[in-house]
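J.: Just so you know, the protein sequences line up as chains A and B, in that order. Here the first sequence is numbered in this note's numbering, starting from 3 and rising by one per residue. Here the second sequence is numbered in this note's numbering, starting from 16 and rising by one per residue.
Everything labelled a hint here was simulated from the structure, so no lab data went into it. This structure is a prediction, so every number in the text was calculated from the model and none was measured. One should not assume that every hint holds.
Unchecked claim - Okay, derived cross-link-like pairs now, DSSO-like style, lysine-lysine, Cα gap no bigger than 30 Å in a straight line:
#1 A:42 <-> A:88
#2 B:87 <-> A:88
#3 A:88 <-> B:112
#4 B:112 <-> B:66
Stated by the list, open to error - Over the 10 Å line for every Cβ pair with chain A, so calculated as not near, a few chain B residues:
#5 22
#6 32
#7 50
#8 69
#9 95
#10 99
#11 132
#12 165
Stated by the list, open to error - Incomplete in silico selection of chain A near chain B, CB under 7 Å:
#13 44
#14 61
#15 84
#16 148
#17 162
Even for Gly, the Cβ is constructed at its ideal location relative to N, Cα and C.
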Amino acid sequence: MMELIECDDVRLEMVEIAGLEGMSVELNLRRTKIRHLQLKEMVCVAPETSLGETIATMQRRRNGCALVAAGSSLLGIFTERDLIRKVVGRGRSGLERPIRDLMTPEPAVLSPDDSLLDAVRLMNQGGYRHIPLVDSANRVCDCLSVINIVDYLLECYPQEVFSLPPRPGQNFSEPDGA
Amino acid sequence: MICPACGSYNLPGADRCDECLLPFTKLDIPLPTEGLQKRLMEDTIADLKPKPAVTVAPEAPVEEAVELLKNKSVGCVLVMEEEIVVGILSERDVLYKLGGMEGSLGSVRISEVMTPNPVTMEAEESIRFVLHQMSVEGFRHIPVVSHDHPPRIVSVRAVLDYLQQSMEDASAEPASR
Numbered sequence: 003m004m005e006l007i008e009c010d011d012v013r014l015e016m017v018e019i020a021g022l023e024g025m026s027v028e029l030n031l032r033r034t035k036i037r038h039l040q041l042k043e044m045v046c047v048a049p050e051t052s053l054g055e056t057i058a059t060m061q062r063r064r065n066g067c068a069l070v071a072a073g074s075s076l077l078g079i080f081t082e083r084d085l086i087r088k089v090v091g092r093g094r095s096g097l098e099r100p101i102r103d104l105m106t107p108e109p110a111v112l113s114p115d116d117s118l119l120d121a122v123r124l125m126n127q128g129g130y131r132h133i134p135l136v137d138s139a140n141r142v143c144d145c146l147s148v149i150n151i152v153d154y155l156l157e158c159y160p161q162e163v164f165s166l167p168p169r170p171g172q173n174f175s176e177p178d179g180a
Numbered sequence: 016m017i018c019p020a021c022g023s024y025n026l027p028g029a030d031r032c033d034e035c036l037l038p039f040t041k042l043d044i045p046l047p048t049e050g051l052q053k054r055l056m057e058d059t060i061a062d063l064k065p066k067p068a069v070t071v072a073p074e075a076p077v078e079e080a081v082e083l084l085k086n087k088s089v090g091c092v093l094v095m096e097e098e099i100v101v102g103i104l105s106e107r108d109v110l111y112k113l114g115g116m117e118g119s120l121g122s123v124r125i126s127e128v129m130t131p132n133p134v135t136m137e138a139e140e141s142i143r144f145v146l147h148q149m150s151v152e153g154f155r156h157i158p159v160v161s162h163d164h165p166p167r168i169v170s171v172r173a174v175l176d177y178l179q180q181s182m183e184d185a186s187a188e189p190a191s192r
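Sequences and hints are given; from them, build the entire structure.
T.: Written out as structure tokens, the structure is:
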């Protein structure tokens, strides 16, 4: 068991952890590191990128959060929340302004080697939905979103959650294929 | 599988017993055991403590909704027409549909940018439906409606809170294994 957890084959490890019966979810969360999750590719822009371009990138990549970094060092984060708070409905919104002026500077970060439990705690504590991941050399490498954690937890319960009909009370009178 | 009623053998995956016609589908539903699994099976949406929804009318200008999102610190507003939920307007809709707009939002109405006819749930339903919707569809907010309550919203943040809470409860219990 322990060898499996320590070995580098992440996929094998995920299968193993999710499949362990009788193992508490909390233990899973403690052991699983953030780098084991399959994260969506992050949106990362330079600080002098214009607001308009940043928004267009977020729309194109279907991502509610953009990291702002100079080279590989993280400067800030720009999320949907910032957009609502600082941009939309402010008369002339000024799509030319650099994102540097609108981002939230110095966001809370985690390392990909931190556990999922750390991430859950930090998110609950700070009310964050996105946490940038920064490696030991302070290079920005990914962005963890709250839905990644919910997804991870649910993967431990495929039968309970994913075998449900999408809505309550949706009963199928005929078995599939009949 | 062996039919629990008459003991005859059936092909695995059969929907009912060939001999006595006992339906097998109910037997597929997992039984609650312990910890988070038990809570997932037994808790209802009400246990996520849905918050009262901020509501707007569909013909209101979209600026009003944006103001509400901003000032009430909520992630979405429910669009209601005569006590019926007709749409939902979330931060995501604002990003996708208003993000690149230059200048004022002027004449845009909420009904033009909202997500119409969102999936709604009732507070008595199992919590698993909410989790399923959020994970599969990627919704971060789900309206909870009922006859005797104003509409409420459960958000992904409430889910995260609930998950952390149930894990802490589980570790506070004396270790049973």
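J.: Determine for every hint whether it applies to the structure shown.
T.: Comparing the hints with the structure gives:
no. : hint           : result
1   : A:42 <-> A:88  : holds (26 Å)
2   : B:87 <-> A:88  : holds (15 Å)
3   : A:88 <-> B:112 : holds (16 Å)
4   : B:112 <-> B:66 : holds (26 Å)
5   : 22             : holds (23 Å)
6   : 32             : holds (14 Å)
7   : 50             : violated (6 Å)
8   : 69             : holds (13 Å)
9   : 95             : holds (20 Å)
10  : 99             : holds (17 Å)
11  : 132            : holds (12 Å)
12  : 165            : holds (20 Å)
13  : 44             : violated (16 Å)
14  : 61             : holds (6 Å)
15  : 84             : violated (10 Å)
16  : 148            : holds (5 Å)
17  : 162            : holds (5 Å)
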